[in-house]
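K.L.:
Listed below, chain by chain, are the residues.
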Amino acid sequence: MVVVMKERASDTDVEAVIASLVEMGMDVHRSTGASRIVLGVVGGGKVDPRLIELMSGVQEIVRITQPYKLASRTFKPEDTTITIGDLRIGGDEVVVIAGPCSAESEAQVHATAAAVKRAGAKILRGGAFKPRSSPYSFQGMGEAGLQLLRSGANAHDLKLVTEVMDASQIEVIGKYADIYQVGARNMQNFTLLRELGRTRKPILLKRGIAATMEEWLLSAEYILAGGNTDVILCERGIRTFETFTRNTLDLSAIPIIKELSHLPIFVDPSHGMGRRDKVAPMARAAVAAGADGLIIEVHNDPDHALSDGAQSMFPAQFDRLMAELRIIAPAIGRSICLEPVARRGWAR
Amino acid sequence: MATELNLEALRDEIDKIDEVIVRLLDSRARCAYTVGRLKHELGRPIYEPAREAAVIAHVRKVSAELGGPLDGDAVARLYERIMDEARCIQRLEAERDARENSKSDVAAGL
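Heads up: the protein sequence lines correspond to chains A and B, in order.
Here the working numbering is used: the first residue of the first sequence is 1, the next is one more, and so on.
Here the working numbering is used: the first residue of the second sequence is 1001, the next is one more, and so on.
Treat the hints as calculated values from the structure; they're not laboratory data.
These numbers come from a predicted model, not from an experiment.
Some hints here could point you the wrong way.
What the hints assert, rightly or not - Covered by chain A, per the in silico footprint, the following chain B stretches (three or more residues, Cβ under 8 Å):
1. 1014-1022
2. 1039-1047
3. 1087-1095
Claimed, not checked - A few chain A residues facing chain B, derived, Cβ under 7 Å:
4. Glu15
5. Ile18
6. Ala19
7. Met24
8. Asp27
9. His29
10. Arg30
11. Thr32
All residues carry an ideal CB built from backbone N, CA and C; glycine is no exception.
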């Protein structure tokens, strides 16, 4: 790191900072400029930058290395790809996850699974344990919901991702799901992340609603540090001053995460926008910006959904979106839904 | 042509001076190493700001007497680098000592 001293820092200030850094086992390179002194700090010692920042005469600390290691591109220059059966995430193919917000009934799960499979999705999404903002909202079907989702996924040859809210649910969800999802609200639930680090199933880690990219990557680091190397990051919108949309979908996360990390990045335009009519444009933009995949809420009958109906797409809308994505993906050297899809209405 | 010959001659001169400088830096580093060992035995810290300030003041004075193109500030900046390296030599030596002490503690069953 680099310590920039204030213009009016006294010799005693500078000496005290150097003395502390040397005591911490660091090598200090002092550079005296025309108006201020800059200290280059290198070495293997442990420094708490905040302690140095508080010292008299210090203007600012500029950190050069990132606090996360295993998640960083420096640690692993090549992209991480995750294989689940015949499916590869993080490769050339853009992988689409789609399905209802929550499992509600057998008919709903099967109808939605059939629809998203037809359109080209590879993974079914759906919640059995729902983290709702209000304790009075529908909380999910629990294990019965997991059974419905698994049978829906199996019937249509889809993989399954579902959210784990608490470490106590890891075992039961593990029996049914192919991917554990960690929701935005749990992104910094470090005990849960540690437990998931011990599992050997991929984790879809959503970005917290007010989390910086660095905090997000540090959360991924918790999972990676436990030995589970299959982490998929998922941008789902952050809180800003704008209230028109539910959240502000931060698509800038895609190229930034691609630079900082080797982990695949997905985008969830449904939660980011909160309105189904705004999902498709953001999904298209996400693919164009280089996302490795999308997670989209689709419901066979959104108007009667028990949760998040307003942001769930109708199957026909999703179908059309997938057709558009098939045109966009090749423009940036990627593919989407490799299997030939039966010709239907959208292909006119 | 004459200018090119001059340039070559001057560069040869610089190479010779560099050899002397590196030899002198080497002698200085050996001194600093011994100083580090003494500091360790006397229990004094590696970083002694008063001593560093005195070194800078001294070389500034020498440079002022010479009156060449390298002014006092420039010499001071160069010496900051030289003292950074001296501190590094002393730190590495102190770390080696600490490692060896802990090993001999283990050997003595302490």
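K.L.:
Hints first: check each against the structure and report whether it holds.
P.N.:
Cross-check of the supplied hints:
no. : hint      : in the structure
1   : 1014-1022 : violated (count 0)
2   : 1039-1047 : holds (count 3)
3   : 1087-1095 : holds (count 4)
4   : Glu15     : 4 Å, holds
5   : Ile18     : 6 Å, holds
6   : Ala19     : 5 Å, holds
7   : Met24     : 11 Å, violated
8   : Asp27     : 5 Å, holds
9   : His29     : 5 Å, holds
10  : Arg30     : 5 Å, holds
11  : Thr32     : 6 Å, holds
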